[in-house]
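> Chain by chain, the residues:
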Amino acid sequence: MIRSEILKEIAPILKDQLIVCNIGIPSQELHAIMDQPSNFYMLGTMGLSSSIGLGVALAQDKTVISIDGDGSVLTNLGTLPTIGNNCPDNYILIIIDNGSYGSTGDQPTYTGRKTDLAGMARAAGCDNVVEVQDVDTGPALQAAIDARHGTVMIVKCDSGNAKMPVITMDPVIIKDRFMKAVAG
Amino acid sequence: MNLDKKITDDLVANDVSFVTTVPCKQLAGVIEEIDQRKEIFHIPSNKEDEGMGLCAGAFMGGKRSAIIMQNTAIGVTINTLATLTQFYRMPLPMIISYRGELREPVACQVEMAVHTKALLAQMHIPTYHFHWQKDVEEFDNILKYTFMCNKPVAILTDANFWGGYGDQ
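Protein chains in written order, with the working numbering: chain X, 233 to 416; chain D, 4 to 171.
Don't take every hint at face value.
Stated by the list, open to error - Chain D regions said to be covered by chain X (calculated; three or more residues, Cβ under 8 Å):
id, region
1, 48-62
2, 77-86
3, 90-100
Note that these hints are calculated values from the structure, not bench results. No residue lacks a Cβ here, since even glycine has one placed at the ideal position from N, Cα and C.
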């Protein structure tokens with residue numbers, strides 16, 4: 233499975249959840265598959281989906297799901313110890329690990345070679361690290377939400393992008409409707 | 004005047020309850036003070052742009068946030084300031100140690116100092132320079148201004164403000 237197929241499959245689970253989604257094609261795919269006010273689309277700032285989501289989770293009680301990528305997490309590796317040492321029960325980080333930089337043309341990342349993100353997350357202090365294959369994402373995500381236990385999920389899948397239109401929504405609109413969903 | 008206490012008191016009075024920091028010799032006292040206040044959640048960051056991500060999230064989660072960092076960080080956070088904090092119009096007080104100004108003993112620090120204000124001006128970031136201890140009296144107004152206009156605002160605090168470096 234490629235990322236967009238996983239997103240389509242977990243869309244019913246993501247409904248009405250607070251989602252922070254990684255820059256580029258992941259946000260475009262999520263937007264096309266299931267736009268909702270509680271989605272925060274990153275239009276820039278590679279690497280910070282996990283940090284923004286953690287910040288939202290630490291500031292309030294609702295479950296927050298960050299959808300990130302392996303290349304993006306590698307850009308901001310310091311995020312893993314920060315999560316490991318401060319992870320609240322309402323935070324789930326999904327790292328879609330397709331071993332490539334999807335938004336720039338699927339150049340390989342190091343996780344497609346020797347680097348093991350699950351091992352890095354565990355070593356960074358993340359208590360609840362789950363590594364799953366693409367087809368098992370839905371049940372694993374639902375279990376993480378139900379458990380109400382801070383979770384880092386690494387989802388191994390194939391590289392590849394669906395062709396989706398760019399997001400033309402104004403960033404302030406994205407922020408405002410997301411904040412209303414957080415407060416609602 | 005206890006600057007660390009004054010700065011922290013003003014943050015609390017303005018309902019800033021989420022602060023991220025990277026280590027800094029000059030700002031160590033403020034960081035320690037913030038860490039002790041129950042009104043403020045303190046989360047150390049590994050890198051300043053990571054901290055700005057945390058602050059953006061906390062703000063959207065309903066908490067007023069602030070970042071404490073060094074002026075060298077301006078060099079590594081330009082993209083985050085432009086494409087996250089400014090693009091989505093989020094308020095962010097940035098309490099910045101301004102190394103490389105008067106009373107600086109380390110020559111290398113001057114290299115970034117000479118670029119700091121120009122970069123902030125280029126980014127259209129409102130900037131305040133605390134040189135004398137009495138300048139801290141403006142801090143409360145600066146915080147109110149920041150949350151009024153939803154912008155990142157820089158407060159540069161130089162060595163003179165902090166009392167120099169002791170034996171120089």
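> Would you mind marking each hint as holding or not holding in the structure?
To see whether the hints hold, each was checked on the structure:
| no. | hint | verdict |
| --- | --- | --- |
| 1 | 48-62 | holds (count 14) |
| 2 | 77-86 | holds (count 4) |
| 3 | 90-100 | holds (count 4) |
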